[in-house]
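**Q** Protein chains in written order, with UniProt numbering: chain A, 1 to 667; chain B, 1 to 605.
Think of the hints as simulated: they come from the structure by calculation, not from any bench.
Watch out, some of these pointers could steer you wrong.
[To be verified] Computed beta-carbon distance windows for the label pairs: (1) B:Pro338 - A:Pro338: 47 to 53 Å; (2) B:Arg572 - A:Ala37: 53 to 59 Å; (3) A:Ser329 - B:Arg165: 27 to 33 Å; (4) B:Glu193 - A:Asp54: 51 to 57 Å; (5) A:Val382 - B:Glu193: 54 to 60 Å; (6) B:Gly199 - A:Pro338: 55 to 61 Å; (7) A:Trp327 - B:Asp257: 31 to 37 Å; (8) A:Ser329 - B:Pro338: 45 to 51 Å; (9) B:Thr230 - A:Glu300: 49 to 55 Å; (10) A:His116 - B:Pro575: 28 to 34 Å; (11) B:Gly596 - A:Glu167: 56 to 62 Å.
Idealized CB from N, CA, C, for every residue including glycine.
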Amino acid sequence: MRSVRIGVDTGGTFTDVVAVDERTGEIVTTKTPSTPANPADGFMAGIAKLGPLDVSSIVHGTTVATNRLLEDRIGDLGLITTEGFEFILEIARQSVPDGYGNSYFWVKPPRIVPVHLVKTVGGRLDHLGGEVRPFNEEQAAEVARWFRSKGVTAIGVCFLHSYANPEHERSMREVLWREHPEAVISLSSDVLREYREYERAVTTLVDAAVKPAMRGYIANLSTRLGMPFSVMKSNGGVLSAREVVNQPITTVLSGPAAGALGAALIASTAGHPSVITLDGGGTSTDVAVVVDGEPSITTEGSIGRYPCKIPMIDIVTVGAGGGSIAWISPEGTLKVGPKSAGADPGPLCYGRGGAQVTVTDAHVLLGRIPPHLLGGEIPLDVDAARAGIEALAGKLGLSPERTATGILEISAFNQSNAIRQLTVKRGLDVRDFPLVTFGGSGPLLACRLIDILGLPAVVVPPDPGNVSAFGLLTVDVKNDYVRTYVTRDLDLAAAGEIFRELEREAAEALDREGFDDPVYARSADLRYYGQAYEVRVPAPAGELDEAWRAEVTGRFHDAHEKLYGYAYRDDPRHGIEWVNLRVSGIGPITRPVVRRRPPVADPPPPGVRRVHFEEAADTPIHQRAALGPGAVVRGPAVIEEYGSTIPVHPGFTATVDDYGNVEVRRD
Amino acid sequence: MTDPILVEIVEGTLASVEKEVETAIARTARSPMIRDAHDFRAGIHDRRLRKLTGRSYSALVQPVVRDFPIETMRPGDVYFHNDVYLSEGGIGHLPDLCVTVPVFHDGEVVAFVQAFGHHDDIGGAVPGSMPSHARSVYEEGLMVPPIKLWDQGAPNEAALRIMTRNSRMPDSLAGDLDAECSACLMGARRLAELFDRYGRQAVEECFDAIIGKTTETFRRELLSKIPEGTYVWEDYAEHDGVDEPRLHAQRITLTVDHAAPAPLTIDFTGTSPQAKGPINHAGDYADGVFLKKWLAPVLRNLADTPERMAELDVNEGVVPLIEMVFPEKGTLLTPVFPAPTNARTFVILRLLGVLAGVLAKATGGRMPADQETIRYTGVYGADADGVPYLMREVLGGGSGGRWYADGEDTIHIVPDSRNIPVEFAEARWPFRVERLGLACDSGGPGMFRGGLGYDKHIRMLRDASYMSIADRSILSCWGVNGGLAGRPFRVEINGREMDGLVDDHPVQAGEVIRIRTTGGGGWGSPYDRDPRAVAADVRDGKVSIAGALGDYGVVLDGDRIDEQATAELRARLRPPADSSGRFFDRGPGYPKLAGGRTFAEVDDL
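Excised from the complex, chain B in its bound form (with noise of 0.2 Å):
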């Protein structure tokens, strides 16, 4: 048996590497998406290309050491990769620039630092390299197989050239790289420590003990709570950037068979075909390793409090328990190559829906309603001195409805992913933020709220253009439970409404561009909800009076409750209790895109 107190120490030890490494790439790296939106990400991985580090997604070491033979690395060896299709599923969209530092022992490799961040830009059709119309991968940017960047210490000058040459914002692709490579070779540093302290064979046996307690843990505490049986259950992008707005499925048949080796199947199959613009992920790689890691978060919420859920670590220790079954090449989960996959996000986000959604079929409704939290919005063109600028931010959305909580406003599932403060905005790009605030009504009506999305309006001093990428601008994200829909993206600029996917509008000095981000999904029923907390969300400006009396069936008079017409309405807008079909509710969108069917077949309990 291996000594508890020394895997706490390793434990504890990888966890603080893990974060020396990301406060680095932090404190030093020049793009927005990574220095503001966080959206970048360390692991460590041991020799078996296992991740041991919890906190973080993170891509995958096994292209690395497919090209590059374990025995063939030296140290002072960097390993970069962003090519998709050759990143065996661990990198889902060109700037997304991922740098790969082997550990040393006694001259082995005995395990591995990795960090990839989503970089300003990295050449292709479009400034940002996120081009919502683009046909195959081609038009994405500059595609880099596993190379070696530096070799035994010296950097391969010829690669970053033509990297950096690629590129529409040079400088700040070769800082972001500095920062990547700096911060990981420090991290493999502190790691080899850790093996001349304890020795090699502790330190590895504490590896598998860290990666079986994650399994065990897994299997008692949350697995546990689902009852065995199939469910299946499905949910939509709803435009591609190429074809007109329609349904394109993500489906999970979840079985669950607590006998079982891995006791949770997961079957996409019935997921529509690969779409021709850039909504593809390319999952099916290395059995769906990077997907497993990727979606097993979601089943924390199964844990018994939000204290709890907050402890369980994803690392490489949730693979066993999780056997995937995808469908054949050529759907939005198994894209043939060249197809496009910049805009990627809204399928694996909508794909933690989706499980989400097929466990709360399978666990009645003990999970949160929907949340959708990334969108890119932007403006781009020049500044007063002529330099070409590009503002581009993620701005979050509110989370749905738990069965403890509210959901919160305005937040964002990458972590510590931050907003960009209006005054270091005004002070970089022209234009005005003349209101940072939060939708009113956007939260999907429920006994849990779902939170509430974004309304920010940005009045342009300059002639630019506008930009977004966002999907959930139709369909919304559902309310379980009798809890309804929360309200869509939705982005007018002087009054006229802009679809979701823009890569270049126009917009005059003086016009204002109004961003409305999505609100959460509700959970319950919201004519449960205490009208005293409907009272505070309309004093607090979250709910409107009409919302209250429509939404909730509370009935004010000023800030006072009128109980017995409350009560008289509620009775008379609650649904009768054997109707069907509402365990989900989709909101307004889904019949324009589903043939004004108001529900999918997938939706009964």
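In isolation and in its complexed conformation, chain A is listed as follows (with noise of 0.2 Å):
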């Protein structure tokens, strides 16, 4: 039997595997409708799909988490603080979303716990850890016994400061498994060790309210499959299924950085180590960066309107897909999104009682895309798209094909608006970027992108539906741990002490989870005195000492230069200020091989169809699995596959390269 690594990604509509063969590379991949109700149902039919293997490993992504999120559908959850801030949530940061005036008709949303679930606990620390005033154990116990008589099991702790002090926290927690025994925990100072408290409260309430889900998934899955596994994390790691329940907000957002991974492993192999990621499905659209390999990290991320500030691959995600919902607004203009019909009932031309126009109703008029999905198994009703559209377009003054061409180019605006903030953000030129496109609807927008951002080329790599299932099996695992130490005058010892505090901390885990030969990384935020935001930077392995000082604090100047154009490198009067030390904890796997592709023997003729560009034409239609290494395929032309397509416009010349990408360039 072979010997595969498996990788599984449960998306909302299907649930992606993919193995690999671990001595020749060789891929498999198969694809089952995802379950909902219960995912581990998907997750084990789409593994028997693949028929007998000698499993070595088995790497999940999974929306669990997420969901819960994003639907709202978080049980009763608790919060305990310091005396005197029951209020921190309701408060929050005073911000009124969006724009001027908003604050008259802004209704705020429920915060993730109500104020009647917020509970507060005597004991004060200093914003070095010194103790104020004594923990209160009396008081600890009434609260815990208070939670337990309403029954409310998921319980966040966030005490102000304890990013420099843990105590107090873990004396609460001591306190709840003793009142409480029922309760599941997080505290803040485990989840996230960084200031700011209304973030590191939500943080930590965020990851308190997945964590019952999760740990019932997770022990139902371990079950059923009888042999460890690993998860998906935001950060581009991996870790045991094991390890994973004790920080499940890890996990959060944990999809697209699998398919950021995939891409970038893919993208780097065929010559591109730094590409931008485009992951197109049926309601929105995936942006990332990676830079030599490496996806950019952020920690001021968010999980629908809840802030999530652990470090996670930093991607933008526009209301942007396939089912995204072309309308007029009141004032009479054409809008695209950010509504979706989704799946179901999905475009007009599904035929399934969808009654709106979609993204992908203009790409089957125009004839863009075929009459048909997954290679003929769903057909498409061209009429009711042709219709839908006539309706919109008598309203608009215009013919059906340019409001089609329309809805298409609004909706390459507005992923282009996306990857264009995206880089801004970061301080790079969109235009030196190739764009890797995947999922579904990611290919179709690919020489519109080139024209309106200026890309040098877009990839699409073959199996377009399969980049991010590919994407698990390209990850080491890696833990974050960051500990917030202010100051304008950085103390090398106590830096040097705290670093390898944590690395001790990473080792521990690394070592649980079997590896004897881990890589840290550590690195430091840092900014200029006054700033409210940090610029990260990479710092050095081995001893603190001036050289290593002047190493990363040059890196920082060099980055603020970077990002946002200007830095204060040889001017005393700006002094720089450390807030943030972090070492990353990584255990390397061996990452599977790209395979180079075969040349196609006898490729079949394209085929022939009208397809609207520029205008209505008789065009040639190639299969991609007819085209071989160094196929060239010159626009106007579409190229089709099994669940994706790609138009190569008038204007435009796609090649194949050697390990089977598609490669669009502007002639």
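Dock chain one against chain two, each of which comes alone in its own frame, and use the hints as you go.
**A** Okay, structure coming up:
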């Protein structure tokens, strides 16, 4: 039997499974409908579809945690915080989103914990961790018993300055264990040892909110699977299922992270170490930036309306996908998204009761996608799409074709603006980056994005629908540790001690995962004194000396200049402030080999269909399987495969590289 | 007809560029007012000086073009100004430093990217450049009329040296200016790409269409909801920092004529004389174009749902709908140079409320009750190393009740304005925050209750000075349609009550400064509020048991509602249906300044 590693990516609609032969690198993929009621069913069905195999390891990407948050399906959750701060969640950061004047009509969404389930306990620390007032055991016990009496079992604990000293939070946990043994507890000093109390509290509560569900799900899956497995994390690493139940927050948004990593590996094998990745789905598109093979990481992410300040791959999600709805605003302009028809009822052309024109309908009207899905399994109703677009066109006073191309152009602009904001935020010039597109709707707008953003190329990997599941197999074991240490005058001995402590914690965790040769990556967050945001830079390993300090501050000046266009390298008036010290513990795995493709013998000739680019014309339709390495397709043309389509506009050329990737460039 | 598809693309790109510029400024600026309070804005204007973007208020390009004709501008030029009286009304006080960058296409100026932000200090009589007792603008800091700060890419070092030399916080001033200039230049490059891609004519046609559809949408969806007629209302600032507290009126006479080219006429006649202190706003320039765009967002409350209100942008398209009539020179809104203006915030924020109030009269109460969400409170002194510091924050307050919802607690009118995290504050400044909560009972009682203000307790760890610039410390945020007023701003230092305007009050180490900010006004009669909502407010600590009984007529027995006793009490408390003058409630502070009168003449429907 072949020895394989398996990646299982549970998405909203489909569960994708990818198996890689450890010896040959051969890849087998399959797909099965997801089973939201119990995602473990779809997981097991997908594995079963592969047939009997010698499975050496399994990596799982799951949205169990994310969906609970996005759908507000979180059970009763309690917060315990410092005396005097019971309104911490109601007050939040006092900010009203969006426009000026909105404070008159804005309705604050419900808090993650309603105020009557927030309790406070006496005891106070200062910002260096010193005790101002001792922890009040008696009050703590009362609070614990109160939560027990109310049947609230998921509890987050966030005391002021616990990032500097976790003792009070740990005492609270002892009390809860004693008085309320059923409680599932998350301490802020475990989840995020970083300052800013509101954000740390919410991050901690998100962890507590998803813990019971994740524990149940992982336990169930472990039993049915009968072997250990790993779970994908949002930071671009994996962790054993056994460990991940202790910090489930690290798995939220892990699905898009796997896609970005898979695309990064495919692109760098093909000679593009730095790319933008674009995962186009039915309702939304996820965009990430990869520099030198590493996706960029943020700690300013959020899940739905909850800020989550744990490190995660920096992914911008824009409500522009195949199911995005085209509509006319009350002001009379054409808008696309963010509302989506989803997969059900879906676009008009699915013929399942959809009533609104979608991006997919525009593609099908123009003939840019075939009149069927998934290689012919699902026929599409072109007439329904046409009728809907004609109605829209009538209201706009445009032809149906112009309306359809307009819908696609607006959709491409929506994606472009998201890509632009992501790169601006990082100080990058989008024109330096090829775009890797995948997912069902990712490649459809490739040529328009090249055009609008001035991209050098778009790369479409083979099997673009399976890139996320493949990505699961490319991931190292990775844990992140942080300690806030705010100072303008870094004491090298103290900082060295913090790094050693963080590395000790990392080593313990990696040891439990069975890695005896771990890698530690240090980084530090710095800012110019007075700024509110930090810039993270990598920090060298080894002893901390003046050269080390100079190296890190030098990197900070460089990074600031790159991000924002200026720096104060030799200007002593602008002091540097150190804020956070970080360590990532990494257990490296062997990455799957991306194989070269053999030439295609006797490819069948392309077919022909009426396709509208600038005008309707008979256009060659290529099957992707028939295009071997070195094949060249000049636009206008369409390249089709199971689950995805690449329209090649006039003035563009697609070539196939040695690994089977299609590269589209402007002539 | 312009292409509706291109219009959408151009509008989306403008919004994206505006956001990119604001993101860049937020991430690099130094002043807490910009960084945390988000008191800064970017705006994009076309060659005809019309504002194209809709999320934000903004300054004006008019003063720059007045002093530097468009044809003299060159790529790489960056213009700067903060001079209130030479800003055509676009700049309200000197700490708002404004940067303007022209956008070029084929060698000609086609648009402007502009940003202004509230900086720490631009000199003048007190740290922070907001002296509440100022008698003239000369005490408020350095005035810079429009100048060229960068000349074709070369910074004007002399100007920068003069400006930083005049600031108590020169480094943060320099950092803020760098942040604004780099961000605007980046935005200008992005806009130039738009012109390159679609051509000047097509893009300018889209600008016309974007502005035009705002005009039409406001006319069709919002103005149509106001019955024709003439409506008068006024509200007051309570002190100017110089004279004893009194009523400084701001009056609007609103005339609605749907057939007129400008259906709304806003006449400020009846507004009080110019104040000796700094609460004046120089509004009567450029036909009031700044105030038109400043006030128009209030009109959005006339839309059918809060979701729709949020969709409506305010760009230059609102300007043709409004005619403004200013009284002669020498009033709060038509001050004569060099009248001081640094606390003009209270006057122009109040104007939003006056317009909301006059519209409430016109529409039978279909407007939110009052809110007051800006005041400055702070402490300053020297830290443990003897280094001087200034901690000043903008604490929000409760918003007013609406016909569809309670007001919200502790919010701020400036979009994305943030409070300062306690853990950040304690690491930087010598005090401890003992409590950050909501002020119980501060929300105005109503069928929809006003939102609550803050209750913040700061314990000083070293001797320091306390400062505040706050209005609504005597008068309240008004309730409407039977709703009652919220509680005013109140500060105590070890039990000693402070005024709203304080430059320098000594605080000893160990003493506690207790700050309670304003609650929003209530909407509708509190006796019509669902008793269960009142019980929940009591459970949550937002309303006291005494408040439930006295303000709402709800009798609680523990957490159980005594329904019969509640019905009886409410019947007794409810005013008779024909009582007049209760459409607005101005709270118990009003009679103190109004010679004992409990309501104003204009409060009658």
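**Q** The structure should be examined with respect to each hint, and the outcome stated for every one.
**A** Hints, verified against the model:
1. B:Pro338 - A:Pro338: 47 to 53 Å: 50 Å, holds
2. B:Arg572 - A:Ala37: 53 to 59 Å: 55 Å, holds
3. A:Ser329 - B:Arg165: 27 to 33 Å: 51 Å, violated
4. B:Glu193 - A:Asp54: 51 to 57 Å: Once the Cβ atoms are compared, 55 Å apart, the range 51 to 57 Å for A:Asp54 and B:Glu193 holds.
5. A:Val382 - B:Glu193: 54 to 60 Å: 36 Å, violated
6. B:Gly199 - A:Pro338: 55 to 61 Å: Hint violated: Cβ distance 29 Å, outside 55 to 61 Å.
7. A:Trp327 - B:Asp257: 31 to 37 Å: Cβ of A:Trp327 to Cβ of B:Asp257: about 34 Å, so the range 31 to 37 Å holds.
8. A:Ser329 - B:Pro338: 45 to 51 Å: 47 Å, holds
9. B:Thr230 - A:Glu300: 49 to 55 Å: 51 Å, holds
10. A:His116 - B:Pro575: 28 to 34 Å: 33 Å, holds
11. B:Gly596 - A:Glu167: 56 to 62 Å: Holds, at about 59 Å.
In this structure, the earlier hints numbered 3, 5 and 6 are contradicted, and the remaining ones agree with it.
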